[in-house]
Amino acid sequence: MSNDDHLVDEPPPFAGDRRLAVRARICLAVLLITPGGEIYAASLTNISSLGFRIRADYGVTVGRFLSLDVPELARYSGWVAWSQEGEFGLAVANPIPQEVIEHILLIAEKDGH
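No gaps in the numbering here: position 66 of the sequence shown is 125 in our numbering, and each next residue is one more.
FYI, nobody ran anything at the bench for these hints, they're computed from the structure.
Treat the hints with care, as some may be off.
[To be verified] Have a look at the derived ranges for each label pair, beta carbon to beta carbon:
#, residue 1, residue 2, range
1, E161, G95, 26 to 36 Å
2, T120, E158, 16 to 26 Å
3, E161, T120, 30 to 40 Å
4, R82, V121, 26 to 36 Å
5, I92, E146, 11 to 21 Å
6, G122, E168, 30 to 40 Å
7, F124, E146, 12 to 22 Å
Here a beta-carbon is modelled for each residue, glycine too, at the ideal position from N, C-alpha and C.
Could you put together the complete structure from these sequences and hints?
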């Protein structure tokens, strides 16, 4: 097998796609926690080893530090990487292990999403 052969038939990456990790869609109610301790309701809409996509009414700015409380699991902290129309990306300080991602997906499935 040469270096040009692939075991998985994947399309070539789109040149403009900045994604560095595989994402999984999810719908899970979570809580956002500001450094001052304010708490806001939010929903996870996707997850990867590098962070979360979150939908919330809470207005964020790029670079803002927040924590995300995942029910039945843990609190993750990170920085707002992007923000657009009620959604934003939270880049986590430490990569999320695949086992934890799978557990979060199971929590969402159990929750009916």
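Against the structure, the hints:
no. : hint                     : result
1   : E161 to G95: 26 to 36 Å  : holds (33 Å)
2   : T120 to E158: 16 to 26 Å : violated (32 Å)
3   : E161 to T120: 30 to 40 Å : holds (32 Å)
4   : R82 to V121: 26 to 36 Å  : violated (19 Å)
5   : I92 to E146: 11 to 21 Å  : holds (18 Å)
6   : G122 to E168: 30 to 40 Å : holds (33 Å)
7   : F124 to E146: 12 to 22 Å : holds (18 Å)
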